[in-house]
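*Asks:* As they're listed, the protein sequences go chains A and B.
Read the first sequence against our numbering and you will find it ends at 240, with the numbers running on by one and no gaps.
Read the second sequence against our numbering and you will find it ends at 231, with the numbers running on by one and no gaps.
Think of the hints as simulated: they come from the structure by calculation, not from any bench.
Cβ atoms here follow ideal geometry from the backbone N, Cα and C, with glycine treated the same way.
Check the hints yourself; a few may be wrong.
Some, not all, of what chain A presents toward chain B, calculated at C-beta under 7 Å [what the hints assert, rightly or not]:
{"hint": "1", "residue": "Q125"}
{"hint": "2", "residue": "L200"}
{"hint": "3", "residue": "F205"}
Straight-line C-alpha distance at most 20 Å; calculated SDA-like pairs for lysine to any residue [to be verified]:
{"hint": "4", "chain 1": "A", "residue 1": "K91", "chain 2": "B", "residue 2": "R196"}
{"hint": "5", "chain 1": "A", "residue 1": "K91", "chain 2": "B", "residue 2": "P86"}
{"hint": "6", "chain 1": "B", "residue 1": "K170", "chain 2": "A", "residue 2": "K91"}
{"hint": "7", "chain 1": "A", "residue 1": "K192", "chain 2": "B", "residue 2": "K170"}
{"hint": "8", "chain 1": "B", "residue 1": "K170", "chain 2": "A", "residue 2": "Y109"}
{"hint": "9", "chain 1": "A", "residue 1": "K192", "chain 2": "B", "residue 2": "F198"}
{"hint": "10", "chain 1": "B", "residue 1": "K90", "chain 2": "A", "residue 2": "A194"}
Listed below, chain by chain, are the residues.
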Amino acid sequence: MLEIINDYWVYFLIGQYPNGPLGGLVLTLLLASCGLVLALPLGIVLGLARVSPWRWLRWPVTGFVFVVRGLPLLMVIFWAYFFLPSVTGVKTDQFITMLIALVIFDAAYLAEIVRAGIQGLPRGQMETARALGLGYGRAMRLVVLPQALRSMLPSLVNQFVSTIKETSLGYIIGLAEVSFIATQINTQVFTKPAQIYLILGGTYFILCFGLSRFAYWLERRLARRGMSVADPATAPKVSA
Amino acid sequence: MPLFDYSLLLTGQYHDMLVAGLLLSLQLLAASLLLALPIALVVALLRLSPVAPLRWLGFAYVESIRNIPLLAHMLFWYFGAPELLPEGIKQWLYAGHIEAYSAIIALALYTAAFMAEDIRSGIRAIPTVQFEAGRALGFGFMGTMRRVVLPQALRVTVPPLISQTLSLWKNTSIATVIGVAELMYQAGQVESATFRSFESFAFASAAYLTVSLAITGLATWYHHRFPVRTI
Chain A
1 MLEIINDYWV
11 YFLIGQYPNG
21 PLGGLVLTLL
31 LASCGLVLAL
41 PLGIVLGLAR
51 VSPWRWLRWP
61 VTGFVFVVRG
71 LPLLMVIFWA
81 YFFLPSVTGV
91 KTDQFITMLI
101 ALVIFDAAYL
111 AEIVRAGIQG
121 LPRGQMETAR
131 ALGLGYGRAM
141 RLVVLPQALR
151 SMLPSLVNQF
161 VSTIKETSLG
171 YIIGLAEVSF
181 IATQINTQVF
191 TKPAQIYLIL
201 GGTYFILCFG
211 LSRFAYWLER
221 RLARRGMSVA
231 DPATAPKVSA
Chain B
1 MPLFDYSLLL
11 TGQYHDMLVA
21 GLLLSLQLLA
31 ASLLLALPIA
41 LVVALLRLSP
51 VAPLRWLGFA
61 YVESIRNIPL
71 LAHMLFWYFG
81 APELLPEGIK
91 QWLYAGHIEA
101 YSAIIALALY
111 TAAFMAEDIR
121 SGIRAIPTVQ
131 FEAGRALGFG
141 FMGTMRRVVL
151 PQALRVTVPP
161 LISQTLSLWK
171 NTSIATVIGV
181 AELMYQAGQV
191 ESATFRSFES
201 FAFASAAYLT
211 VSLAITGLAT
221 WYHHRFPVRT
231 I
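All chains, full assembly: derive it from the sequences and hints.
*Replies:* Encoded structure:
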């Protein structure tokens, strides 16, 4: 096993770069980061639409979220891979295809996290803000959303873990991320598939376990701080 | 050529391929679910065990599975694990449907890790005084379990298990990577044979959505039929 790591670690980390396209673990992380960063604003917009008081906005977005959440990510990737070129006329590369699929998929899931974050707040927050004379948009932006986003933080880290795991599906459209590179190494070494895939699993594990522990720590920390705010002795009496 | 060729989906060889794929996907779902539930129950009990090493074992199982993508599990069980077996068993495996077995093992172990956590939190949600009160009223161990603890525990445990089943259904599509001829694989085959990507992917999407919505509907029905009672 050490022999394989010794021979292939550079290839595993960055693929053929700088003699070819960037790949490996670095590409996995790049894809996951870009995916989440782009999906977050879209997810917030969709989440706001899901709780908006206007039916013409709420219904189509709810339908979209239901459809995306009912489909496997692989199906979204296939649609993106075969449809984008035929609609736009431009042959998109695997990275962009995968990124678009991830953004659409993650945005639908983030929308539900945002919705839960907003609906988890006491109704009094919105009512008080409206009573103070703020419009719906300003009350949402200044009062409700900042609190909802703070309580969403651990879920966001967990969503990042999911996104890292989801990038592995780029394998299917031949994107040179870390699972694809591991398979390439497997075809070169040929005799040690179990070891190679254990190294691959171990790599994902170190990354994702570290991040999910961080989310757990964050959750506990926020709960502790949140508790002191919501302490019945110090908190203002607002009926929830 | 018509814009959307329904006939392709309604009859003929390609229709048969897609339907066979759907049936195999449903079989994968059923087989993995049947395997995952008992594993999940055992792991949940390990995690609640009073013996520390057993708790660690349960924790290690859940975390090591959940933090690795299903795709990597599939690749390991298909390419890696059979190589470690003795020659005789290997021969026998390669003669059969090894890809389907690998997929079921990967799916079941993966789903079990998530379900174990749901079962664990469901059991923990019932205060121990409920059990003690049942015993104090003169019910036996089984009587208390059946009449007092389980009815409450199942109300909180079943809905998350149904949503894990939904994830499992969507995850069966990943078996396509190791060449299991399920729905996603067949849609790809039909697409490459006919170049009618819209029709074949529309069929697969509609099939995935239909089953997903049925599972979501089941969850909603359960929630109405057995609402969680707060004490």
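*Asks:* Take the hints in turn and mark each one as holding or not.
*Replies:* Evaluated hints:
Because the smallest distance between the Cβ of A:Q125 and any Cβ of chain B comes to about 24 Å, over 7 Å, the interface hint for this residue is violated. A least Cβ separation of about 5 Å between A:L200 and chain B falls short of the 7 Å threshold, and the interface hint therefore holds. Because the beta carbon of A:F205 sits about 5 Å from the nearest beta carbon in chain B, less than 7 Å, this interface hint is met. Straight-line distance between C-alpha atoms of A:K91 and B:R196 comes to about 18 Å, which keeps the hinted pair within the 20 Å bound.
With a CA separation close to 47 Å, the supplied pair A:K91 and B:P86 exceeds the 20 Å bound. In summary, the hint linking B:K170 to A:K91 is not supported, as the alpha carbons are separated by about 28 Å, beyond the 20 Å threshold. At roughly 31 Å between alpha-carbon atoms, A:K192 and B:K170 are farther apart than 20 Å, so this suggested pair is violated. Under the criterion of a C-alpha separation no larger than 20 Å, the hint pairing B:K170 with A:Y109 is consistent with the structure, at around 14 Å.
In summary, the hint linking A:K192 to B:F198 is not supported, as the alpha carbons are separated by about 40 Å, beyond the 20 Å threshold. For a cut-off of 20 Å, the pair hint linking B:K90 to A:A194 stands: about 14 Å separates their Cα positions.
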